[in-house]
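J.: Residues per chain are reported as follows:
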Amino acid sequence: MKRVVITGAGTINALGHNVPDTLEAMREGRCGIGAIDIRDVDRLAIQIGGQVKGFEAEGLFNRQQMSLYDRFTQFTLVAAREAIGQSGLEFHGELAAKSGVVLGNSGGGMTTLDDNYRSVYEDGKNRVHPFVVPKLMNNAAASHVSMEFNLKGPSFTVASACASSNHAMAQAFQMVRSGMAPVMITGGSESMLCFGGVKAWEGLRVMSKDACRPFSANRNGMVQGEGAGVFVFEAYEHAKKRGAEILAEVAGFAMSSDASDIVMPSKQGAARAIAGALQDAGLNASDVCYINAHGTGTAANDKTECAAVADVFGAHADDLMISSTKSMHGHLIGGTGAVELLACIMALRDGVVAPTIGYEEPDPECALDVVPNVAREARVDAALSNAFAFGGLNAVLALKRV
Amino acid sequence: MSVKDKVIEIIAEQAVLEPSDVTMDSTLEDLGIDSLGLVESIFAIEEAFDISVPFNANEPQASDFDISSVASIVRGIEQLISEQAG
Numbered sequence: 001m002k003r004v005v006i007t008g009a010g011t012i013n014a015l016g017h018n019v020p021d022t023l024e025a026m027r028e029g030r031c032g033i034g035a036i037d038i039r040d041v042d043r044l045a046i047q048i049g050g051q052v053k054g055f056e057a058e059g060l061f062n063r064q065q066m067s068l069y070d071r072f073t074q075f076t077l078v079a080a081r082e083a084i085g086q087s088g089l090e091f092h093g094e095l096a097a098k099s100g101v102v103l104g105n106s107g108g109g110m111t112t113l114d115d116n117y118r119s120v121y122e123d124g125k126n127r128v129h130p131f132v133v134p135k136l137m138n139n140a141a142a143s144h145v146s147m148e149f150n151l152k153g154p155s156f157t158v159a160s161a162c163a164s165s166n167h168a169m170a171q172a173f174q175m176v177r178s179g180m181a182p183v184m185i186t187g188g189s190e191s192m193l194c195f196g197g198v199k200a201w202e203g204l205r206v207m208s209k210d211a212c213r214p215f216s217a218n219r220n221g222m223v224q225g226e227g228a229g230v231f232v233f234e235a236y237e238h239a240k241k242r243g244a245e246i247l248a249e250v251a252g253f254a255m256s257s258d259a260s261d262i263v264m265p266s267k268q269g270a271a272r273a274i275a276g277a278l279q280d281a282g283l284n285a286s287d288v289c290y291i292n293a294h295g296t297g298t299a300a301n302d303k304t305e306c307a308a309v310a311d312v313f314g315a316h317a318d319d320l321m322i323s324s325t326k327s328m329h330g331h332l333i334g335g336t337g338a339v340e341l342l343a344c345i346m347a348l349r350d351g352v353v354a355p356t357i358g359y360e361e362p363d364p365e366c367a368l369d370v371v372p373n374v375a376r377e378a379r380v381d382a383a384l385s386n387a388f389a390f391g392g393l394n395a396v397l398a399l400k401r402v
Numbered sequence: 001m002s003v004k005d006k007v008i009e010i011i012a013e014q015a016v017l018e019p020s021d022v023t024m025d026s027t028l029e030d031l032g033i034d035s036l037g038l039v040e041s042i043f044a045i046e047e048a049f050d051i052s053v054p055f056n057a058n059e060p061q062a063s064d065f066d067i068s069s070v071a072s073i074v075r076g077i078e079q080l081i082s083e084q085a086g
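Residue numbers (our numbering), protein chains in the order written: chain E, 1 to 402; chain Y, 1 to 86.
The set of hints was computed from the structure by calculation and includes no laboratory data. Mixed in with the good hints, there may be bad ones.
What the hints assert, rightly or not - Label-pair distances were calculated between CB atoms; the ranges are: (1) Y:Asn58 to E:Glu24: 48 to 58 Å; (2) Y:Gln61 to E:Val133: 16 to 26 Å; (3) Y:Gln79 to E:Asp37: 26 to 36 Å; (4) E:Glu237 to Y:Thr23: 51 to 61 Å; (5) E:Gly124 to Y:Ser63: 38 to 48 Å; (6) E:Ser286 to Y:Asp34: 52 to 62 Å; (7) Y:Ser52 to E:Glu148: 55 to 65 Å.
Backbone N, C-alpha and C fix where the C-beta goes; we use that ideal spot for every residue, glycine too.
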């Protein structure tokens, strides 16, 4: 089994259009959530989100690319360029043949779907552009990354709702750890902030109209975000040999299924994934200093997640830090685990733990150190990143400082 | 604008060429238009003339719509316009 390290990171999200800007915002506890600017927003009950602002695809992509790339693919390529650029890798020959792309995504090209449904249903048009399918398919982003960077190994998209990115990164990790691929590009993206995407979430009545306040007693729901996070997972020896900068080590993972309810989370399912990740990474519970929580800001998730952490860590649960950066960038659904992994990297590499902002009132059912409102300096040797999806599909990653 | 000029304009845009570079005896291959570019051009033509072009990319030869040159495409579209008028 090979050790696996991260040698490149890229992102675009409501906090920034790259990793340095995003980490700066997390350190400062800045909120990227605000009024969303989309068509027909006045017909939505929920009018806030972690929207990527000031993004101009013009100049980043040529005309033919623009006609083929949905917003989620554009976000993915921006993040992939940053991550692969940082790694310094170029893919030729054997390296290209074995390296691939596994990305998480839930909704695919929702903007494309929304625009074209509008055109045929609302405007009564009987003809759609020929690229609707290649734009909206949710493997489009992974495919375009493979094309732009000449990645010819195993490539596909993983869809497990809010755990998509963590499941994707777990797959990529396994491939590098087993020696199947020397390098894998992984992470995920989502762009669901369009009329239909927000309207669908509205229907479930779990969304907040004002803010995402994870673990706070007065929390009133989740807030959607959008964007992408992409990483270069590389075999440690491969990275070492070429003198690459190592951001962190991916030490282990676990996945579990609640097998109980399509939307309600389960403490047991979450706990099994957390405990499994520790075991896979060869970590003792006491080694973990930080957990990036799933922390959606819903009544059900946050108390269930805290109970699961308390179960797994016992007395050490009171000593570790657990924060939800969704309070700042919103819930990126299929892309969320990828953007949240950045907070783990910041904790491990920079010794800065991102806060849970918007925290106003302690909740006895979430009685852990949630790093309220202000980032904290701490030496973190091991961290976990939780993702618990609708459908009861859980995936937890364990990372170590290098 | 004549049907011919409009078709040439659409094809030129797809090929990223000036309309003057597109001649009636050019083939789509000459112009560097691939299969995806062809379906995109047909879409643009249908939109421009409000017609339906019978074309299945699986069997381009099966329909009467002849795509062997710009001239044949223009002829085919003129015919479709007269058939589908009103």
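J.: The structure should be examined with respect to each hint, and the outcome stated for every one.
T.: Comparing the hints with the structure gives:
Take asparagine 58 of chain Y and glutamate 24 of chain E: their Cβ atoms lie about 52 Å apart, and the range 48 to 58 Å holds. At about 24 Å, the CB distance of glutamine 61 of chain Y to valine 133 of chain E agrees with the hint of 16 to 26 Å. Between glutamine 79 of chain Y and aspartate 37 of chain E the C-beta distance comes to about 47 Å, which lies outside the given range of 26 to 36 Å. Taking the beta carbon of each, glutamate 237 of chain E and threonine 23 of chain Y are about 59 Å apart, inside 51 to 61 Å as hinted.
Here the CB-CB span from glycine 124 of chain E to serine 63 of chain Y is close to 26 Å, at odds with the stated 38 to 48 Å. Distance hint check for serine 286 of chain E and aspartate 34 of chain Y: the Cβ-Cβ separation is about 59 Å, which falls inside the suggested range of 52 to 62 Å. Roughly 36 Å separates the CB atoms of serine 52 of chain Y and glutamate 148 of chain E, a value that falls outside the hinted 55 to 65 Å.
Violation of the numbered hints given earlier is confined to hints 3, 5 and 7; the remaining hints are satisfied by the structure.
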